[in-house]
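A.B. asks: Residues per chain are reported as follows:
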Amino acid sequence: MSGIISGRVWKFGDNINTDLMLPNSVNGGAATLDEQAREVFSANRPGWVDEMRPGDFIVGGRAYGIGSNRPAARSLRHLGIACLLAETINGLFFRNCVNFGLLALECPGVSEAFEEMHTAEVSLTDCTVRNRDTGAVLQAKAVPDNLLSLMQNGGIFPMLEKQGLIAPLFR
Amino acid sequence: MGLNIVEKILTRAGGGAPVAPGAIVVVEVDTAVLLDTSFMPHVWRDVLQLADPEKLVVVFDHKVPPPNRVSAQAHATGREFVKRFGIKRFHDLGREVGISHVLVTDRAYALPGSVLVCADSHTCAAGAFNCAARGVGVPEMVYAITTGKTWFRLGETIRYDLVGRLQPGVTTKDVFLHVAGVFGDHTNLNMEFGGSGLAHLSLNARRTIATQAAEVGAEFCLFEPDMVLLDYVGAHSSAPFEAQYPDADAVYSKRRTIDLSAMQPLVALPDAVVKNSVPVGEVAGEAIQQAFIGSCANGTLDDFAIAASIVRGRQVAPGVRLIVTPGSQQIYRDALQAGYVAMLVEAGALVTNSTCGACAGGHMGVVGPGETCITASTRNFKGRMGDPTARIFMASTATVAASALTGVITHPGRFMLEAAA
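So the sequences go chain by chain: A and B. First residue of the first sequence? That's 1 in our numbering, and the numbers climb one at a time after it. First residue of the second sequence? That's 1001 in our numbering, and the numbers climb one at a time after it.
Next up, chain A with everything else stripped away, as it sits in the complex (with noise of 0.2 Å):
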């Protein structure tokens, strides 16, 4: 896998939790990926749907995504948010992140390393992380191969469509 990535950086502390970005009021229901993408942290950030844009990163702490399995790493993908960096990463949030497409990486040191509005830059062949703001430079942890791939090229749905398992989606 190779190519290097780069964006802005929002920050976010510990135990940022599946429901503070995909609320029940939005899960669940009838609510679109577009109803449940502006309710993305509306809870503990109100007003932060408007103030990213597509191509930015998120900085975490520690047990990112912990709680449920309801699909908020799709809401993140939907967002436009390019890669998620935590100190670590819920294991269930973590596969959500592979089997929906969210470049999600583990990086020790990360939320030490950033601050609100830096730029972070990605090296995906030996997963380095770079500060360009203060030059420091940090490494995530591999994932292996087959899963980055599906980070990035859309999750499961579209292999398991290929290998005929599962129907096309018409809509």
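There could be a bad hint or two in this list.
To be verified - Below 25 Å or equal to it, Euclidean Cα-Cα: the simulated DSS-like pairs (lysine-lysine) are:
#	chain 1	residue 1	chain 2	residue 2
1	B	K1083	B	K1055
2	A	K162	B	K1149
3	A	K11	A	K162
4	B	K1055	B	K1088
5	A	K141	B	K1254
6	A	K11	B	K1382
7	B	K1382	B	K1275
8	B	K1149	A	K11
9	B	K1149	B	K1088
Because the hints were derived from the structure by calculation, they are not lab data. On a predicted model such as this, the values are computed, not experimentally measured, just so you know.
For chain A, the structure is supplied; the task is to place chain B on it using the hints.
C.D. replies: Below, chain B without anything else, positioned relative to chain A:
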């Protein structure tokens, strides 16, 4: 070098090659559980073939009966799926419905030593049955049922040795709140429970801890098997299984001893479970409007027995709604037979049918703006049970029942002593 429980189960399920922490293991799935919410139109995809329909279980639990049209649609999609693929283990609305994590253990679908997956985060409940079970999300479930496989990232394991015996009025909910409060999140780590104290804990009591492992973000939470478990599974299933014990020289990243006799009733403060527990006394007197007992963590017959013993002959405080939701309709019937339901209803409790209900904030106990709820369920995140301005305190069934009677957060000690007298 010896292996711990999860390493043994994943080694077998992965085909026998030794696995070590850090490795990604591809495993055969023994049991795959689909829920009504798996069939919701915003996440479900039309499956064209299954690896093995015999390995599937379908349970409707989150939205039962359906509170809205989208849920009703999901139920219809699920029924069509069951029919098309001839799924035999189907728990539709009726006599045998219940919360999936309760059913898969009570029915012994979750076999010791096996691998079980379901979309839902609290799937780890079956760890109490020595089953490597965890939530994987709906897309992974589609992958698992169509290919028969999934993958796990094997983490390091923390061993918890339980010793001693709980005092009256103290439950394994409090043990969990102690672990979550003191040790915090277990992201990327497994939990393993064993020790001499296990002998004094019912399977229900063990499952409360295993269920809540999701709240500290554990990868897997496995309990050591003992005769209580093996006898139960043997009596409820004719399927072969091989329970897994840790080797004497198994490797753990940490070993911690929990003295059950030193535990006390705790409460998790609103909005988070991790590092958020305090003794009940610290928040005693907080006025509440709702008290909830239920969910995959606290909807057992044990919970009904505790709640009934506390409210028996008393009344729920004015201005408080006490909602009690059984973990399955079988538990409902057992609680009826034992007289618990009558005691609760006489006291003013609302006893609902079995469903995830109020715990998931979907229906049957949604909290309003600015309200305060004390809950014996799984999770207290901001907005979890309804409006994000509501405050959700989480505690044991005993503490919740006592609080419902007084209208303020209350230590259960006095009521438990009176119930025992």
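A.B. asks: State for each hint whether it applies.
C.D. replies: Consistency of the hints with the structure:
1. K1083/B / K1055/B: 15 Å, holds
2. K162/A / K1149/B: 17 Å, holds
3. K11/A / K162/A: Outside the cut-off at roughly 37 Å; violated.
4. K1055/B / K1088/B: Within the cut-off at roughly 10 Å; holds.
5. K141/A / K1254/B: Holds. K141/A to K1254/B sits at ~22 Å (cutoff 25 Å).
6. K11/A / K1382/B: 19 Å, holds
7. K1382/B / K1275/B: 15 Å, holds
8. K1149/B / K11/A: This hinted pair is violated, its Cα atoms lying about 36 Å apart.
9. K1149/B / K1088/B: Holds, at about 20 Å.
When held up to the earlier numbered hints, the structure conflicts with 3 and 8 and fits the remainder.
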